[in-house]
Amino acid sequence: KKAGIPANRIVFSEKFACPVSGFTIAEIEPRLFSFNAPQGACPACDGLGEKLVFDEDLVVPNHDLTIKKGAIVPWAKSNPPSPYYMQVLGSLARELGFSLDTAWKDLPEEIHYAILHGTRGKPVTLTFVDGKKSYDVKKPFEGVVGNLNRRMLQTESAWMREELSKYQSSQHCETCHGARLKPEALAVKVAMRDISSVTRLSVVDALAWFAELPDQLTQQSKEIARAILKEIDERLGFLNNVGLDYLNLNRTSGTLSGGESQRIRLASQIGSGLSGVLYVLDEPSIGLHQRDNDMLLKTLRRLRDLGNTVLVVEHDEDAIRTADYIIDMGPGAGVRGGQVVAQGTLKQILKSKGSITADYLNGTREVPVPATRRKGNGKKLTVHNATANNLTGVTASIPLGTFTCVTGVSGSGKSSFTIDTLYAAAARELNGARIVQGKHDKITGLQYLDKVIDIDQSPIGRTPRS
Numbered sequence: 057k058k059a060g061i062p063a064n065r066i067v068f069s070e071k072f073a074c075p076v077s078g079f080t081i082a083e084i085e086p087r088l089f090s091f092n093a094p095q096g097a098c099p100a101c102d103g104l105g106e107k108l109v110f111d112e113d114l115v116v117p118n119h120d121l122t123i124k125k126g127a128i129v130p131w132a133k134s135n136p137p138s139p140y141y142m143q144v145l146g147s148l149a150r151e152l153g154f155s156l157d158t159a160w161k162d163l164p165e166e167i168h169y170a171i172l173h174g175t176r177g178k179p180v181t182l183t184f185v186d187g188k189k190s191y192d193v194k195k196p197f198e199g200v201v202g203n204l205n206r207r208m209l210q211t212e213s214a215w216m217r218e219e220l221s222k223y224q225s226s227q228h229c230e231t232c233h234g235a236r237l238k239p240e241a242l243a244v245k246v247a248m249r250d251i252s253s254v255t256r257l258s259v260v261d262a263l264a265w266f267a268e269l270p271d272q273l274t275q276q277s278k279e280i281a282r283a284i285l286k287e288i289d290e291r292l293g294f295l296n297n298v299g300l301d302y303l304n305l306n307r308t309s310g311t312l313s314g315g316e317s318q319r320i321r322l323a324s325q326i327g328s329g330l331s332g333v334l335y336v337l338d339e340p341s342i343g344l345h346q347r348d349n350d351m352l353l354k355t356l357r358r359l360r361d362l363g364n365t366v367l368v369v370e371h372d373e374d375a376i377r378t379a380d381y382i383i384d385m386g387p388g389a390g391v392r393g394g395q396v397v398a399q400g401t402l403k404q405i406l407k408s409k410g411s412i413t414a415d416y417l418n419g420t421r422e423v424p425v426p427a428t429r430r431k432g433n434g435k436k437l438t439v440h441n442a443t444a445n446n447l448t449g450v451t452a453s454i455p456l457g458t459f460t461c462v463t464g465v466s467g468s469g470k471s472s473f474t475i476d477t478l479y480a481a482a483a484r485e486l487n488g489a490r491i492v493q494g495k496h497d498k499i500t501g502l503q504y505l506d507k508v509i510d511i512d513q514s515p516i517g518r519t520p521r522s
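57 is the number of the first residue of the sequence shown in our numbering; add one for each residue after it.
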């Protein structure tokens, strides 16, 4: 120290701790950044990023009904509705100045909030009639949602839990906001980004970010990260090369289309660099747009060029024309099939006699195009401002009584619009389903339909009803 100047004592610690507040975190290790490990998972949602909460749209599904007519479904299950709950709502109506005979949609938002979420600790007078006796209870009103939450926590009945769960849906966790990790993991950042924000990037944006990352690192950090960044760049490059540049890295497998899932698997095989392998694919082009089919065929050729054998079962014309060798089975189906009708190169197949495949390839046969189109019944179903997954405020109408086709490149939002939004919302409204619907403002025209049925590609025979 210098003369007359007191020395400052500076204390350093090897622990991840704040000497002032005493806050500490565990040692930084890989499992801290995994939502599948208890060391990294958000404690509020157990690493799921979502929680089951009581959904206002399931509690009050029909906004045209009045409270007396059963707008609040959990409190109107019995017929007539429970006298206790009706007395509670009647008392609340007198206190707050609204009518039980007013349609839910016509009640003010502050009344909606008070009914569903309570009076925020403010006492209200609840009047109950028990036989010939009448008595008042002054206490805060917990709200319908608060009542359902309390009953769910207190009940030991499996039947009651199942009954109450009908009014729940999955929503983003309020603690981690969908990041799935605990705050300690999200506090660790590289170039001002935590791991969750990086996984929210698309493949193409992630490629650009990782390419610029070395410029923001110290020389020592560059040396440490060089091999890791090389591996990341290669893997992202494979996804980019098979046309999946638009996918966000945190997209769950269940939200991917069939074509996207298949190309991810193919990209991983190319990345493995294996040779001398026989790859067998069953109709890889099914569900793919023509542009995506071209990318698929390029990927298959690349697998072949690595020194592998690629065997596909296909109906797609482009796949057949691209193949080096073709085996045509037939001539018919079932007992009328089971034979090799023709085999060889494309030129040899086109000259083959008795091959239905050859007839369609050389234009002898073709699928007829209808001369007229059905106009429908004049009514339509309209989805307003759909924003599920990659949809950007889509509003579209489907004419009823017609055969309507939704098309577009793989990953363009066809399934997000048709299945996640339109079907899910219609199933909730018409069938009383509990499935989660994609975000949208509203759907008009459902009053023209009785029910909705989803015919998907799931295998049959799994239940006695199939």
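Some hints could be false.
Quick list of simulated restraints, FRET-style, between CB atoms [as the list claims (entries may be wrong)]:
no., residue 1, residue 2, range
1, V260, H173, 53 to 61 Å
2, H173, D102, 22 to 30 Å
3, V391, D506, 51 to 59 Å
4, K161, T211, 28 to 36 Å
5, P86, Q275, 17 to 25 Å
6, D271, H173, 28 to 36 Å
7, C74, I475, 28 to 36 Å
8, N118, R249, 42 to 50 Å
Listed next, the in silico BS3-like pairs over lysine-lysine satisfying Cα-Cα at most 27 Å (straight line) [unchecked claim]:
no., residue 1, residue 2
9, K133, K222
10, K107, K189
11, K222, K124
12, K194, K245
13, K71, K133
14, K495, K107
15, K124, K194
16, K403, K125
17, K178, K195
18, K498, K161
19, K431, K124
20, K107, K245
21, K403, K436
22, K133, K507
23, K498, K436
24, K470, K495
25, K178, K245
26, K354, K431
27, K435, K161
28, K107, K498
29, K161, K71
30, K403, K133
31, K403, K222
32, K435, K354
33, K133, K107
34, K498, K435
35, K435, K124
36, K498, K431
37, K470, K161
38, K354, K71
39, K245, K195
40, K245, K222
Bear in mind the hints are in silico, worked out from the structure with no lab data behind them.
Just so you know, even glycine gets a beta-carbon here, dropped at the ideal spot from N, CA and C.
Structure-based check of each hint:
In this structure the supplied range 53 to 61 Å is violated for V260 paired with H173, their Cβ-Cβ distance being about 42 Å. A hinted range of 22 to 30 Å holds for the C-beta pair H173 and D102, which are about 25 Å apart. The hint said 51 to 59 Å for the Cβ distance between V391 and D506, and at roughly 41 Å that hint is violated. K161 and T211 have their C-beta atoms about 32 Å apart, which keeps the hinted 28 to 36 Å range intact.
For the pair P86 and Q275, the beta carbons lie near 24 Å from each other, so the given range of 17 to 25 Å is met. At about 49 Å, the beta-carbon gap between D271 and H173 misses the expected band of 28 to 36 Å. Hint check: C74 to I475, Cβ distance near 48 Å, so the stated range 28 to 36 Å is violated. The hint said 42 to 50 Å for the Cβ distance between N118 and R249, and at roughly 44 Å that hint holds.
Proposed proximity of K133 and K222 is supported: the alpha carbons are some 12 Å apart, at most 27 Å. At most 27 Å may separate the alpha-carbon atoms for a hinted pair to count; K107 and K189 exceed this at roughly 43 Å. For a cut-off of 27 Å, the pair hint linking K222 to K124 stands: about 21 Å separates their Cα positions. Distance hint between K194 and K245 is unfulfilled; the C-alpha atoms sit about 51 Å from each other, more than 27 Å.
As the CA atoms of K71 and K133 are separated by approximately 57 Å, the hinted pair breaks the 27 Å bound. The hinted pair formed by K495 and K107 meets the criterion: a straight-line CA distance of about 17 Å does not exceed 27 Å. Taking the CA atoms of K124 and K194, the gap is about 23 Å. The hint holds against a cut of 27 Å. A hinted pair counts as satisfied when its Cα atoms are at most 27 Å apart, and K403 with K125 does not qualify at roughly 72 Å.
Distance check on the hinted pair: K178 and K195 sit about 8 Å apart at the alpha-carbon level, within 27 Å; holds. The hinted pair formed by K498 and K161 meets the criterion: a straight-line CA distance of about 14 Å does not exceed 27 Å. Between the alpha carbons of K431 and K124 the distance comes to roughly 42 Å, so the proposed pair goes past 27 Å and is violated. Taking the CA atoms of K107 and K245, the gap is near 26 Å; set against the 27 Å cutoff, the hint holds.
With a C-alpha separation of about 48 Å, the suggested pair K403 and K436 falls outside the 27 Å cut-off, and the hint is violated. For the suggested pair K133 and K507, the alpha carbons sit about 22 Å apart, so the restraint of at most 27 Å is met. Under the criterion of a C-alpha separation no larger than 27 Å, the hint pairing K498 with K436 is consistent with the structure, at around 14 Å. Between K470 and K495 the alpha-carbon distance is near 15 Å, which keeps this suggested pair within the 27 Å criterion.
A threshold of 27 Å between alpha carbons decides the hint, and for K178 with K245 the separation of about 43 Å lies outside it, so the pair is violated. Straight-line distance between C-alpha atoms of K354 and K431 comes to about 40 Å, which puts the hinted pair past the 27 Å bound. Between K435 and K161, the direct Cα distance comes to roughly 25 Å. Compliance with the 27 Å bound is thereby established for this hinted pair. With a C-alpha separation of about 24 Å, the suggested pairing of K107 with K498 holds against the 27 Å cut-off.
At most 27 Å may separate the alpha-carbon atoms for a hinted pair to count; K161 and K71 exceed this at roughly 57 Å. With a C-alpha separation of about 70 Å, the suggested pairing of K403 with K133 is violated against the 27 Å cut-off. At most 27 Å may separate the alpha-carbon atoms for a hinted pair to count; K403 and K222 exceed this at roughly 60 Å. For the suggested pair K435 and K354, the alpha carbons sit about 44 Å apart, so the restraint of at most 27 Å is broken.
Distance restraint check for K133 and K107: the Cα-Cα separation of roughly 25 Å lies within the 27 Å cut-off, and the hinted pair is therefore satisfied. Annotation: proposed proximity of K498 to K435 holds, straight-line Cα distance about 17 Å (limit 27 Å). Proximity of K435 to K124 is assessed by CA-CA distance (about 32 Å); at most 27 Å being required, the pair is judged violated. Note on K498 and K431: the hinted pairing holds, with a Cα-Cα distance of about 25 Å set against a maximum of 27 Å.
Only pairs whose Cα atoms come within 27 Å are accepted, and K470 paired with K161 is rejected, the gap being roughly 32 Å. For the suggested pair K354 and K71, the alpha carbons sit about 52 Å apart, so the restraint of at most 27 Å is broken. With a CA separation close to 48 Å, the supplied pair K245 and K195 exceeds the 27 Å bound. Under the criterion of a C-alpha separation no larger than 27 Å, the hint pairing K245 with K222 is inconsistent with the structure, at around 40 Å.
In summary, the structure is inconsistent with hints 1, 3, 6, 7, 10, 12, 13, 16, 19, 21, 25, 26, 29, 30, 31, 32, 35, 37, 38, 39, 40 from the numbered list given earlier, while agreeing with the others.
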